[in-house]
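Novice: Next come the chains, spelled out residue by residue.
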Amino acid sequence: MLQGTGVLMGTLAASSVLANLAPSRAWALPLHALSQAEGETILQFGRVLYPHKTLPTAVYALLVKDLDAEAARDASVATLLREGSASLDAASGGKFTSASSAKRLAAVKHIEGTPYFSKVRSTCITSLYNNEMAFAHFGYEGPSWPKGGYLHRGFDDLTWLPKPPASASPPAG
Amino acid sequence: MTRFDLNDDSVVVIVGSGAGGGTLANELTQKGVKVVLLEAGKRQSSAAFVNDEWASFGQLAWLDKRTTSGSWQVAKDFPNLPAWVCKTVGGTTTHWAGASLRFQEHEFRARSTYGGVQGANLLDWPLTLAEMEPFYARAESKMGVTRTNGIPGLPGNNNFKVMYAGAQKLGYKECHTGRMAINSRPRDGRTSCLQLGFCFQGCKSGAKWSTLYTEIPKAEATGKLDLRTESHVLSIEHNGAGKVTGVVYADAGGAHQLQKARVVAVAGNSIETPRLLLNSSSSTFPDGLANSSGMVGRNYMRHMTGSVYAIFEKPVHMYRGTTMAGIVMDEARFEPKRGFAGGYEMETISLGLPFFAAFLKPGAWGTDFTHFMDNYTRIAGMWLVGEDMPRDTNRVTLSADVKDQYGLPVPNVHYDDHPNDVAMRGHAFRQGERLYQAVGATKTMRTPPYPSTHNLGTCRMSDDPKLGVVNKHGQTHDIANLFVSDGSQFTTSAAENPTMTIVTLAIRQSEYIAEAMSKQEV
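In order, the protein sequence lines correspond to chains Y and A. In this text, residue positions in the first sequence follow our numbering: the first is 83, and each later residue adds one. In this text, residue positions in the second sequence follow our numbering: the first is 40, and each later residue adds one.
Hints listed in this document are in silico derivations from the structure and should not be mistaken for laboratory results. Here the structure is a predicted model, which is why all the values come from computation and not from measurement. Incorrect hints may have been included.
[As the list claims (entries may be wrong)] Covered by chain A, per the in silico footprint, the following chain Y stretches (three or more residues, Cβ under 8 Å):
#1 128-136
#2 205-213
#3 232-246
[As the list claims (entries may be wrong)] Pairs of lysine-lysine residues, derived as DSBU-like cross-links and limited to a Cα-Cα distance of at most 30 Å, are as follows:
#4 245(Y) with 208(A)
#5 115(A) with 482(A)
#6 245(Y) with 212(A)
#7 442(A) with 282(A)
#8 282(A) with 558(A)
#9 201(Y) with 400(A)
#10 115(A) with 147(Y)
#11 257(A) with 73(A)
#12 147(Y) with 104(A)
#13 245(Y) with 353(A)
#14 442(A) with 201(Y)
#15 70(A) with 299(A)
#16 376(A) with 208(A)
#17 104(A) with 201(Y)
#18 70(A) with 282(A)
#19 442(A) with 299(A)
#20 208(A) with 400(A)
#21 185(Y) with 482(A)
#22 81(A) with 257(A)
#23 482(A) with 191(Y)
#24 185(Y) with 400(A)
#25 135(Y) with 482(A)
#26 135(Y) with 353(A)
#27 299(A) with 558(A)
#28 201(Y) with 147(Y)
#29 201(Y) with 115(A)
#30 505(A) with 558(A)
#31 376(A) with 212(A)
#32 282(A) with 299(A)
#33 245(Y) with 482(A)
#34 400(A) with 482(A)
#35 353(A) with 229(Y)
#36 191(Y) with 400(A)
#37 257(A) with 511(A)
#38 257(A) with 558(A)
#39 147(Y) with 400(A)
#40 115(A) with 191(Y)
For every residue, glycine included, the Cβ atom is placed at its ideal position computed from N, Cα and C.
Using the sequences provided together with the hints, build the complete structure.
Specialist: In structure tokens, the structure reads:
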């Protein structure tokens, strides 16, 4: 059984729109299968793949959380992530996490197409963009049914273009 | 709850409860015909639907293993998900966006109109628009299609406002909020649209027509419908005289059941329908049921599709309100000087943040991608959907080595874009970009096809038993009491979203089946 020893920690900026979503501005992610160094490598890898300047680290940490959980369930995933993280270090000629941003990008391009790359990249799509913090950050309003839809909440509030005629767009009934 | 005996051989068995099967079930039971409706999925409801794209996908989508081959982009991006269709009561009518357009007159005569297109297997339908019109009218009334039957159009959302303004700049004449099977006023016991968004995730208000809460409960109310959920049909049985006698299905517990039948109608969508016929091969029918033409599984069509998303300087919030909120119909005409046969529709589309990330540009990473995500609230989007060319070689076959949970070969879906499809997609992408650029788009993205929602043609209709699997009533040429009742029947794909034509064919077919039964012809 592979034992993780890491804990990823961070603090949401007080100004972040996400600060209100979290019970506390401080967050901590205990790792179960990955080491702290592997977790940090994957987190930075996620930042190179999907760079959003102001997206809080807490959201990228969800990528590590999801991959760590999968690694804890499946030893082959743990191995893939361990070896892949080592390959990123090798490709950046030292530690990936302390390399310059140019070197990180080059290292990621170097391993593009590998199973490790594909695993982390595809996990990013759900880990980074399918959570309430991401919804708030990118301005997506999530479930509308509990709020009665958008009929009275701005489905047609765009004003920077001419209003279509009623023949094309009749008023709501 | 009506239950018919497994040995009751007087029933009509319908496989699949979507647009074709659900409608056929209602129409037949209204005429007093006993129907056993077998649905592979579970029964959900508006209350059970969720405003959560991935969770809803898990709830509704058909996720049984499938394989792909061919040069189409979907095989690369989604190798085990060729189609985004549903496994649930109501089938893909839970997921569809509601666009309900009649085919154009010339589209029923594709071979005559377009001429011989090299590498395409064009054929005229054995039906004309004139023959279809009375049934289209019944479908529009049944489904409550806006801009028909005195029903007002839906109000346009922000995504539509962008489309409309761009369409005016390009000089398009026919742009409006569409003919939609979504209530703009309360009708038929269902509420009007609340502009929820999430049309693809099952309509929680029930404003959008789905057989789940229209045709099926109406059929149940007759006392003539026996709906069995989680009942996955494995094979169709036949007798020595070459007539079908019933179906074998796996019930919710996985036990195999044999339901006898007087008539069998298959409406499993255009991948499962040919798969079922092929998986039902026997010593009498070694190439599969109803396949003397060799056409079962061939001429698979999925429409020319693609999307254009555009970033603007000011907010759009495309996800607010109906997904298919408006349409430009000007490019749907036949005008070969554009460099391709057939036409296409431009329809607004929106995706929530999770699916926008998944489908915008599958496999992409880096700043070009994140730039779009960063501008999510300032994006407008349109889906491009047009007629694709039928080809012998685009086909659903049985996998040689991959088996499903029942031990049966999974379907492989092979598709190569025809040069006509490629030319049309290029034109559509350019027009979509021009439309958005005309109203200030700062950046546009050409999004490749999503897994197919319009699956068509794999049991095509023709008067000639050598060229088609079914006749103009969806009755197989080879077996009089075996029918096909879904989009598999389509001879060609036309430009329009297919659901209403599937419903129309099902209404028409129900009259034929009921009459054939009363005359003891089946």
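Novice: Compare the structure with each hint and give your call.
Specialist: Structure-based check of all given hints:
1. Judged by the Cβ-Cβ criterion of 8 Å, the region 128-136 of chain Y is covered by chain A as claimed, because 4 of its residues qualify and three suffice.
2. Counting residues of the region 205-213 of chain Y whose CB falls under 8 Å from any CB of chain A gives 6; the rule of at least 3 is met.
3. Figure legend: the region 232-246 of chain Y, annotated as covered by chain A; annotation consistent (13 residues with Cβ-Cβ distances under 8 Å, at least 3 required).
4. Using a Cα cut-off of 30 Å, the hinted pair residue 245(Y) and residue 208(A) holds, with the two alpha carbons roughly 14 Å apart.
5. Restraint check: the Cα-Cα separation between residue 115(A) and residue 482(A) comes to about 25 Å, which is no more than 30 Å; the hinted pair holds.
6. Using a Cα cut-off of 30 Å, the hinted pair residue 245(Y) and residue 212(A) holds, with the two alpha carbons roughly 16 Å apart.
7. Annotation: proposed proximity of residue 442(A) to residue 282(A) holds, straight-line Cα distance about 28 Å (limit 30 Å).
8. Distance check on the hinted pair: residue 282(A) and residue 558(A) sit about 17 Å apart at the alpha-carbon level, within 30 Å; holds.
9. In summary, the hint linking residue 201(Y) to residue 400(A) is supported, as the alpha carbons are separated by about 17 Å, within the 30 Å threshold.
10. The suggested pairing of residue 115(A) with residue 147(Y) holds, with an alpha-carbon distance near 28 Å, which does not exceed 30 Å.
11. At most 30 Å may separate the alpha-carbon atoms for a hinted pair to count; residue 257(A) and residue 73(A) meet this at roughly 14 Å.
12. For the proposed pair residue 147(Y) and residue 104(A), the alpha carbon gap of about 28 Å is at most 30 Å, so the pair holds.
13. Note on residue 245(Y) and residue 353(A): the hinted pairing holds, with a Cα-Cα distance of about 15 Å set against a maximum of 30 Å.
14. Restraint check for residue 442(A) and residue 201(Y): satisfied, since their Cα atoms lie roughly 25 Å apart, inside the 30 Å limit.
15. Pair hint residue 70(A) plus residue 299(A) holds up; C-alpha atoms about 20 Å apart against a cutoff of 30 Å.
16. Proximity of residue 376(A) to residue 208(A) is assessed by CA-CA distance (about 22 Å); at most 30 Å being required, the pair is judged to hold.
17. Of the supplied pair hints, the one linking residue 104(A) and residue 201(Y) holds, its CA atoms being roughly 20 Å apart against a limit of 30 Å.
18. At most 30 Å may separate the alpha-carbon atoms for a hinted pair to count; residue 70(A) and residue 282(A) meet this at roughly 24 Å.
19. For the hint pairing residue 442(A) with residue 299(A), the CA-to-CA distance comes to about 26 Å; that is within 30 Å, so the pair holds.
20. Using a Cα cut-off of 30 Å, the hinted pair residue 208(A) and residue 400(A) holds, with the two alpha carbons roughly 28 Å apart.
21. Restraint check for residue 185(Y) and residue 482(A): satisfied, since their Cα atoms lie roughly 28 Å apart, inside the 30 Å limit.
22. The suggested pairing of residue 81(A) with residue 257(A) holds, with an alpha-carbon distance near 18 Å, which does not exceed 30 Å.
23. For the hint pairing residue 482(A) with residue 191(Y), the CA-to-CA distance comes to about 25 Å; that is within 30 Å, so the pair holds.
24. For the proposed pair residue 185(Y) and residue 400(A), the alpha carbon gap of about 25 Å is at most 30 Å, so the pair holds.
25. With a C-alpha separation of about 19 Å, the suggested pairing of residue 135(Y) with residue 482(A) holds against the 30 Å cut-off.
26. Between residue 135(Y) and residue 353(A) the alpha-carbon distance is near 20 Å, which keeps this suggested pair within the 30 Å criterion.
27. Pair hint residue 299(A) plus residue 558(A) holds up; C-alpha atoms about 20 Å apart against a cutoff of 30 Å.
28. The hinted pair formed by residue 201(Y) and residue 147(Y) meets the criterion: a straight-line CA distance of about 14 Å does not exceed 30 Å.
29. A C-alpha spacing of about 16 Å is found between residue 201(Y) and residue 115(A), which places the hinted pair at or below 30 Å, so the restraint holds.
30. Distance restraint check for residue 505(A) and residue 558(A): the Cα-Cα separation of roughly 27 Å lies within the 30 Å cut-off, and the hinted pair is therefore satisfied.
31. Using a Cα cut-off of 30 Å, the hinted pair residue 376(A) and residue 212(A) holds, with the two alpha carbons roughly 19 Å apart.
32. Proposed proximity of residue 282(A) and residue 299(A) is supported: the alpha carbons are some 12 Å apart, at most 30 Å.
33. Straight-line distance between C-alpha atoms of residue 245(Y) and residue 482(A) comes to about 23 Å, which keeps the hinted pair within the 30 Å bound.
34. Straight-line distance between C-alpha atoms of residue 400(A) and residue 482(A) comes to about 14 Å, which keeps the hinted pair within the 30 Å bound.
35. As the CA atoms of residue 353(A) and residue 229(Y) are separated by approximately 24 Å, the hinted pair is consistent with the 30 Å bound.
36. With a CA separation close to 18 Å, the supplied pair residue 191(Y) and residue 400(A) stays within the 30 Å bound.
37. The straight-line distance between the Cα atoms of residue 257(A) and residue 511(A) is roughly 27 Å, inside the 30 Å bound, and the hint therefore holds.
38. At most 30 Å may separate the alpha-carbon atoms for a hinted pair to count; residue 257(A) and residue 558(A) meet this at roughly 26 Å.
39. Straight-line distance between C-alpha atoms of residue 147(Y) and residue 400(A) comes to about 25 Å, which keeps the hinted pair within the 30 Å bound.
40. For the hint pairing residue 115(A) with residue 191(Y), the CA-to-CA distance comes to about 20 Å; that is within 30 Å, so the pair holds.
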